[in-house]
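Peer 1: Can you build the whole structure from these sequences, using the hints too?
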Amino acid sequence: MSVKYEDFQSLEEDTKQSNGAGVTNQIRQAIMMKRRVPEPSSTLICSLSAVCTGLIFIIIILIVTITRQGVGETEHSLEVKLRNMSIEVHSRVDQLYEENSRMMEKLTAIESFMNDFNEHGVTSKVRNIKSLVNLFLSDEITGSLTSDNQRILGAVGKLTDGLRNPNGTTDPLCGSEWTHFGLNCYYLSRNARPWNYAKKHCEDKKGHLVVITSLDEMNFLRDIAQSQSLWIGLSNDKEIWKWVDGTPYERSPKFWKEGEPFIWDDGDLHFDRFWDSSELFSVLHHDNCGCLEDGESWSSSSCSNSYQYVCEKKTL
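Every letter in the sequence shown is one number past the one before it in UniProt numbering, and letter 307, counting from 1, is 307.
The hints are simulated quantities; they were obtained by calculation from the structure and are not laboratory data.
Do not take every clue at face value.
[Unchecked claim] Quick list of the computed label-pair ranges, beta carbon to beta carbon:
no. : residue 1 : residue 2 : range
1   : Ser227    : Glu203    : 24 to 32 Å
2   : Glu177    : Glu258    : 33 to 41 Å
3   : Lys106    : Lys242    : 52 to 60 Å
4   : Ser214    : Leu107    : 38 to 46 Å
[Stated by the list, open to error] Here are the simulated DSS-like cross-link-like pairs (lysine-lysine), alpha carbons at most 25 Å apart as the crow flies:
no. : residue 1 : residue 2
5   : Lys242    : Lys206
6   : Lys106    : Lys200
7   : Lys314    : Lys206
8   : Lys242    : Lys200
9   : Lys205    : Lys238
10  : Lys314    : Lys254
11  : Lys238    : Lys254
12  : Lys206    : Lys313
13  : Lys313    : Lys200
14  : Lys238    : Lys314
15  : Lys238    : Lys200
16  : Lys314    : Lys200
17  : Lys242    : Lys254
18  : Lys314    : Lys242
19  : Lys314    : Lys205
20  : Lys242    : Lys257
21  : Lys257    : Lys238
22  : Lys205    : Lys313
We put the CB at the ideal spot given by N, CA and C, even for glycine.
Peer 2: So, in structure tokens, the structure goes:
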């Protein structure tokens, strides 16, 4: 089968024409589409720009507001903390001032004590101690101790004799009507008498009105007194209290009731109890004697009053 040249040429021309027509159609369609899509106007573009600008401005304002609010809260928190710290510092400063004041008072007291505790004071204390040592080593004290030892030995012997004769009713250390306590014997009178009568009666019985030299002895007398008032061997001579046996009043324990003894000062009386006429006369004439009031504590009373009394003597 043969193909002619003319046929190929005709086919090529048809193809070119067909291709040219297709391109032309595409261009035409693109132009038509461009005509259909409207171009944006300048008003729309300005509006969009204004909206974007407003949004950006609002965002900036929000950011600034949030930032300032955070800074404000931080500043308020710092202000509260600083205020609390200031209060705490002031409180601590006041406390330090008080501690410093107390410390200064203590230092002043220590300084005063050290000033008093000088060489003269030490020498005086040493001298007093030496005097006390010499007193206890004196012949009077040692002689008294020797006498007490002898009486103790004698008492032991009498107790031994008493144990050998258990049927006896008399206390071997004290004798009839006397009660033994410690190294002494005590006699309680049956009748009430003035102090001077009681003093003489005790001396007639080879003893003296009781002289109280210890708490144990005081408690013993309370037991035998049974809440009644008793004369004791204490009297006032020109504002000076004395024991009948010469025992130093200053060295003996005191068992005065509250407000006793009364105070005599330049002829004026100072006391806190009511005195009857006889007692007031005795007070004005310094006529006072000591008694165990109601069996409890010492009291000063007119020596002319009548009480029962207690005599005291050494063991046999």
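Peer 1: Would you mind marking each hint as holding or not holding in the structure?
Peer 2: A quick look at each hint next to the structure:
1. Our hint of 24 to 32 Å for Ser227 and Glu203 holds, since their Cβ atoms are close to 27 Å apart.
2. A C-beta distance of roughly 35 Å is found between Glu177 and Glu258, which places it inside the suggested range of 33 to 41 Å.
3. For Lys106 and Lys242, the hinted distance range of 52 to 60 Å is not satisfied, since their beta carbons lie about 45 Å from each other.
4. Hint check: Ser214 to Leu107, Cβ distance near 43 Å, so the stated range 38 to 46 Å holds.
5. Proximity of Lys242 to Lys206 is assessed by CA-CA distance (about 20 Å); at most 25 Å being required, the pair is judged to hold.
6. With a C-alpha separation of about 59 Å, the suggested pairing of Lys106 with Lys200 is violated against the 25 Å cut-off.
7. For a cut-off of 25 Å, the pair hint linking Lys314 to Lys206 stands: about 9 Å separates their Cα positions.
8. Between Lys242 and Lys200 the alpha-carbon distance is near 16 Å, which keeps this suggested pair within the 25 Å criterion.
9. Distance hint between Lys205 and Lys238 is unfulfilled; the C-alpha atoms sit about 28 Å from each other, more than 25 Å.
10. At roughly 22 Å between alpha-carbon atoms, Lys314 and Lys254 fall within 25 Å of each other, so this suggested pair holds.
11. Straight-line distance between C-alpha atoms of Lys238 and Lys254 comes to about 19 Å, which keeps the hinted pair within the 25 Å bound.
12. About 7 Å separates the Cα atoms of Lys206 and Lys313, which keeps this hinted pair within 25 Å; it holds.
13. Using a Cα cut-off of 25 Å, the hinted pair Lys313 and Lys200 holds, with the two alpha carbons roughly 14 Å apart.
14. This hinted pair does not check out: Lys238 and Lys314 have alpha carbons roughly 30 Å apart, beyond 25 Å.
15. Taking the CA atoms of Lys238 and Lys200, the gap is about 21 Å. The hint holds against a cut of 25 Å.
16. A distance of roughly 17 Å separates the Cα atoms of Lys314 and Lys200; the hinted pair therefore holds under the 25 Å criterion.
17. Distance restraint check for Lys242 and Lys254: the Cα-Cα separation of roughly 12 Å lies within the 25 Å cut-off, and the hinted pair is therefore satisfied.
18. Restraint check for Lys314 and Lys242: satisfied, since their Cα atoms lie roughly 20 Å apart, inside the 25 Å limit.
19. Taken as a hint, the Lys314 and Lys205 pair is honoured in the structure, with Cα atoms around 12 Å apart against an allowance of 25 Å.
20. A distance of roughly 18 Å separates the Cα atoms of Lys242 and Lys257; the hinted pair therefore holds under the 25 Å criterion.
21. In summary, the hint linking Lys257 to Lys238 is supported, as the alpha carbons are separated by about 21 Å, within the 25 Å threshold.
22. With a C-alpha separation of about 9 Å, the suggested pair Lys205 and Lys313 falls inside the 25 Å cut-off, and the hint holds.
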